[in-house]
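Peer 1: Single-letter residue listing:
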Amino acid sequence: MDWYLPVIWAGLIGTAVALYVILDGFDLGIGILFPFAHTERERDQMMRSVAPFWDGNETWLVLGGGGLWVAFPGAYAVIMPALYIPVIVMLLALVFRGVAFEFRTISRSKTWLNGAFSGGSALAAFAQGVILGGLIQGIPVKDGAYAGGALTWATPFAVLCGLAMIAGYGLLGACWLVMKTEGAVAARARRQARALLGAVLFFMAAVSIWTPLSEPRIAERWFALPNFLFLWPVPVVTALVAYGLWRGLETGREVAPFLAAIALFLLGYLGLVISNFPYLVPPSLTIWDTAAAAASQIFMLLGTLFLLPMILGYVVFVYWLFRGKTREGESYH
Amino acid sequence: MDVDSLLLSRLQFAFTITFHIIFPTFTIGLSAYIATLGVLWLRTGDERYRRLMRFWTRIFAVSFAMGVVSGIVMSYEFGTNWSRFSAAVGNVVGPLIGYEVLTAFFLEATFLGVLLFGFGRVPPWLSVLSAAIVALGTTMSAFWILSANSWMQTPAGYALRDGVAYPTDWLAVIFNPSFPYRFAHMVNAAYLTTGFVVLAVGARFMLAGRHVDEARTMLRMAIGLTAILAPLQLLIGDRHGLNTLAHQPIKIAAIEAHWDGSKPGDFHVFAWPDQNAERNALEISIPRGASLILTHDPNGLFPGLTSVPPSDRPPVAIVFFAFRIMLAAGLFMIAAALYGAFLWWRGALFETRWYLRVMAHCWWIGFVAVIAGWVTTESGRQPWIVQGLLRTADASSPVAGGSVALTLALFVIAYAVVFSFGIYYINRLIGQGPADAATKTVAPLGGASPIAAAQSD
Chain B
493 MDWYLPVIWA GLIGTAVALY VILDGFDLGI GILFPFAHTE RERDQMMRSV
543 APFWDGNETW LVLGGGGLWV AFPGAYAVIM PALYIPVIVM LLALVFRGVA
593 FEFRTISRSK TWLNGAFSGG SALAAFAQGV ILGGLIQGIP VKDGAYAGGA
643 LTWATPFAVL CGLAMIAGYG LLGACWLVMK TEGAVAARAR RQARALLGAV
693 LFFMAAVSIW TPLSEPRIAE RWFALPNFLF LWPVPVVTAL VAYGLWRGLE
743 TGREVAPFLA AIALFLLGYL GLVISNFPYL VPPSLTIWDT AAAAASQIFM
793 LLGTLFLLPM ILGYVVFVYW LFRGKTREGE SYH
Chain L
3 MDVDSLLLSR LQFAFTITFH IIFPTFTIGL SAYIATLGVL WLRTGDERYR
53 RLMRFWTRIF AVSFAMGVVS GIVMSYEFGT NWSRFSAAVG NVVGPLIGYE
103 VLTAFFLEAT FLGVLLFGFG RVPPWLSVLS AAIVALGTTM SAFWILSANS
153 WMQTPAGYAL RDGVAYPTDW LAVIFNPSFP YRFAHMVNAA YLTTGFVVLA
203 VGARFMLAGR HVDEARTMLR MAIGLTAILA PLQLLIGDRH GLNTLAHQPI
253 KIAAIEAHWD GSKPGDFHVF AWPDQNAERN ALEISIPRGA SLILTHDPNG
303 LFPGLTSVPP SDRPPVAIVF FAFRIMLAAG LFMIAAALYG AFLWWRGALF
353 ETRWYLRVMA HCWWIGFVAV IAGWVTTESG RQPWIVQGLL RTADASSPVA
403 GGSVALTLAL FVIAYAVVFS FGIYYINRLI GQGPADAATK TVAPLGGASP
453 IAAAQSD
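These protein sequence lines are chains B and L, in that order. Using the working numbering, read the first sequence as starting at 493 and increasing by one per residue. Using the working numbering, read the second sequence as starting at 3 and increasing by one per residue.
Hints listed in this document are in silico derivations from the structure and should not be mistaken for laboratory results. It is possible that some hints are incorrect.
[To be verified] Some residues of chain B that are not near chain L, with every Cβ distance over 10 Å (derived):
hint	residue
1	Val509
2	Arg533
3	Gly559
4	Leu584
5	Phe593
6	Val651
7	Arg709
8	Val728
9	Leu764
10	Val807
[Stated by the list, open to error] Label-pair distances were calculated between CB atoms; the ranges are:
hint	chain 1	residue 1	chain 2	residue 2	range
11	B	Pro527	L	Thr170	54 to 60 Å
12	B	Met802	L	Ala350	48 to 54 Å
13	L	Leu173	B	Tyr761	56 to 62 Å
14	L	Val360	B	Pro527	54 to 60 Å
15	B	Met802	L	Ile425	31 to 37 Å
16	L	Ala418	B	Leu717	41 to 47 Å
17	B	Thr647	L	Leu173	46 to 52 Å
18	L	Trp172	B	Gly641	38 to 44 Å
19	L	Ala350	B	Pro527	55 to 61 Å
[As the list claims (entries may be wrong)] Examples of chain L residues lying across from chain B (beta carbon under 8 Å, computed):
hint	residue
20	Val75
21	Ala89
22	Tyr357
23	Gly404
24	Thr409
25	Ala411
We put the beta carbon where it would ideally sit given N, CA and C, even for glycine.
All chains, full assembly: derive it from the sequences and hints.
Peer 2: Written out as structure tokens, the structure reads:
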């Protein structure tokens with residue numbers, strides 16, 4: 493029980509984080525693409541395409557953070573102080589973009605709120621990338637507590653991951669717009685998606701080359717036999733999905749690019765899991781080192797197994813309810 | 003761990019949670035009000051209720067957004083600033099917060115989308131059902147968060163090993179001794195607070211002669227609610243206080259600025275507690291008033307502050323004054339609600355302009371009471387973060403003081419901007435009024451929906 497409970501929880505939290513990254517990813521992406529829209533009507537259209545969803549999407553972030561605390565308090569108590577500044581910056585950026593979203597529907601002058609929405613979205617994406625980079629490059633730990641300084645996380649690699657996240661969310665947002673809007677907004681999003689796909693592939697390649705070179709444990713995980721025999725399909729499938737995404741954009745498909753972008757994200761995520769499992773705080777603390785008491789994990793697991801399908805059910809219901817295209821000039825609220 | 007980091011973390015948490023609690027307080031009450039309006043609309047078919055429902059739903063959306071984003075901050079601060087707290091009691095408090103997210107947060111956030119954007123796209127019963135689900139979600143949120151907070155006040159159902167708390171009995175953890183009182187007190191406070199906001203808006207429209215039908219409805223509903231709940235709150239507060247006396251007597255001693263437990267306690271209407279001299283520098287008191295309230299006996303004794311060493315005492319002045327601000331706001335609300343009910347009974351509620359004018363300006367009164375109440379109970383628990391189990395000084399993160407100073411400054415600036423804009427926009431929405439909101443045509447978002455086609459708004 494002490495062995496598999498943390499594994500189940502790692503799977504659940506991993507799922508919550510993946511859902512967060514995809515769901516909030518596309519609505520943060522809308523913010524990242526916001527400055528490139530030409531008119532306020534276009535911006536309205538972009539915002540309306542995500543308006544019914546964003547509150548719910550962001551809730552997965554609370555589940556990610558809260559879930560980490562519930563299931564792995566030892567990791568939560570190390571990661572949060574270690575990445576103190578990027579975490580707080582991310583939260584503040586989310587505050588700004590979230591309220592700008594709601595205020596913008598009421599306000600007459602939109603310039604400042606557009607800036608807060610797009611700036612907040614881009615900054616939140618960047619900070620999330622920095623957090624990811626900070627985790628991958630390892631956190632110094634002593635006696636189960638964070639032992640680094642205030643800026644230990646600030647490395648070129650973390651900055652690279654931050655930029656990668658902006659490009660990735662931008663790609664998800666652009667593909668969402670291709671699927672959910674029409675007219676000039678959709679046409680521009682299609683062009684942006686192509687450029688962003690190039691950027692995302694560049695960043696994925698950079699991270700894939702950088703991490704095995706700087707972290708021997710990651711190189712060993714991927715290239716030692718027999719691992720390599722099982723793992724070589726991961727980059728191959730990634731390349732195929734990227735090609736499919738590009739073809740979908742070229743041939744005027746509307747839904748396929750968004751699904752391919754999600755697949756691309758999940759493959760990148762899978763790559764990171766392969767590189768780092770079972771470490772929650774690389775390179776020292778595993779999921780078993782940091783797990784909560786079994787009684788706590790079981791208590792929470794019972795509720796989660798019962799409630800998570802319900803949550804997923806009503807999330808699907810809401811997406812189904814607001815399916816179809818958002819046209820230009822429709823009224824709102 | 004330097005002292006600066008601890009103090010700054012405390013300030014940051016106090017600031018961010020004070021900002022946060024404003025919005026849940028309002029949205030717990032408002033969601034229940036919106037659901038009530040929806041049910042009345044379905045039952046009577048009266049368009050006035052529908053217009054009011056739409057009007058308040060838009061205000062709800064803005065408040066809820068501010069609540070969501072400031073709430074996400076809270077769930078991360080336990081780790082960023084209070085990592086040793088998270089590690090020591092995460093086994094117990096973590097799941098309570100986890101259940102809050104699972105049972106409540108998702109319910110609210112998801113169905114708010116249906117409530118906000120579903121008008122004209124889903125049938126009326128589904129809009130009203132969504133309103134009821136959102137209201138249920140906000141109340142369940144309060145349930146879990148207050149359970150977690152109450153456990154920090156009156157921990158139960160756990161065992162301590164090597165400084166880490168392990169759960170032994172989940173029912174005892176959730177329904178810990180102070181939880182029922184705190185939960186009742188807070189939910190009632192939320193309804194009262196919202197009642198006074200609705201009352202203020204109704205009074206504002208009545209005075210301006212705009213949306214008079216809706217204004218009458220709001221005034222009647224708000225007076226009807228607050229005239230019952232305001233006096234009830236005094237009763238719940240009294241029971242809550244007696245519960246605190248049983249479990250956290252030093253908090254009560256601080257509330258009453260009662261130093262010497264060998265004598266009956268006076269009720270100090272005003273006092274200037276001197277923490278170092280262990281007495282009050284100035285007192286205006288009702289002799290034996292505190293003993294009468296707390297023990298129902300003028301000669302009754304209850305523990306004084308000097309019964310514990312100075313290092314175990316909370317900051318008396320903060321607790322003392324915060325409690326009196328809450329009490330004063332509460333007594334004002336009782337008087338205002340009962341006088342409103344009296345005017346209604348005399349048939350003069352809509353014509354008594356001075357009363358409406360005062361009430362139109364008192365929308366904030368409940369918020370002041372709620373914040374003062376939380377300052378009382380949280381400061382009164384000090385120096386403990388978990389009463390008797392973990393000291394606040396032993397709970398903070400190994401984070402540099404400079405980092406916390408930076409983020410605290412950022413929070414203050416960011417929240418000041420967000421709050422000013424929030425108040426401005428909510429005021430704008432109120433200024434537009436319900437009729438305006440209703441005359442706006444609500445076109446379905448995507449033409450393909452068969453429900454939307456069948457349902458012309």
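Peer 1: None of the hints should be skipped; say for each whether it holds.
Peer 2: Structure-based check of all given hints:
no. : hint                            : result
1   : Val509                          : holds (14 Å)
2   : Arg533                          : holds (15 Å)
3   : Gly559                          : violated (6 Å)
4   : Leu584                          : violated (5 Å)
5   : Phe593                          : violated (7 Å)
6   : Val651                          : holds (19 Å)
7   : Arg709                          : holds (25 Å)
8   : Val728                          : holds (37 Å)
9   : Leu764                          : holds (21 Å)
10  : Val807                          : violated (6 Å)
11  : B/Pro527 / L/Thr170: 54 to 60 Å : holds (55 Å)
12  : B/Met802 / L/Ala350: 48 to 54 Å : holds (50 Å)
13  : L/Leu173 / B/Tyr761: 56 to 62 Å : violated (38 Å)
14  : L/Val360 / B/Pro527: 54 to 60 Å : violated (48 Å)
15  : B/Met802 / L/Ile425: 31 to 37 Å : holds (36 Å)
16  : L/Ala418 / B/Leu717: 41 to 47 Å : violated (59 Å)
17  : B/Thr647 / L/Leu173: 46 to 52 Å : holds (48 Å)
18  : L/Trp172 / B/Gly641: 38 to 44 Å : holds (39 Å)
19  : L/Ala350 / B/Pro527: 55 to 61 Å : holds (57 Å)
20  : Val75                           : holds (5 Å)
21  : Ala89                           : holds (4 Å)
22  : Tyr357                          : violated (31 Å)
23  : Gly404                          : holds (6 Å)
24  : Thr409                          : holds (4 Å)
25  : Ala411                          : violated (11 Å)
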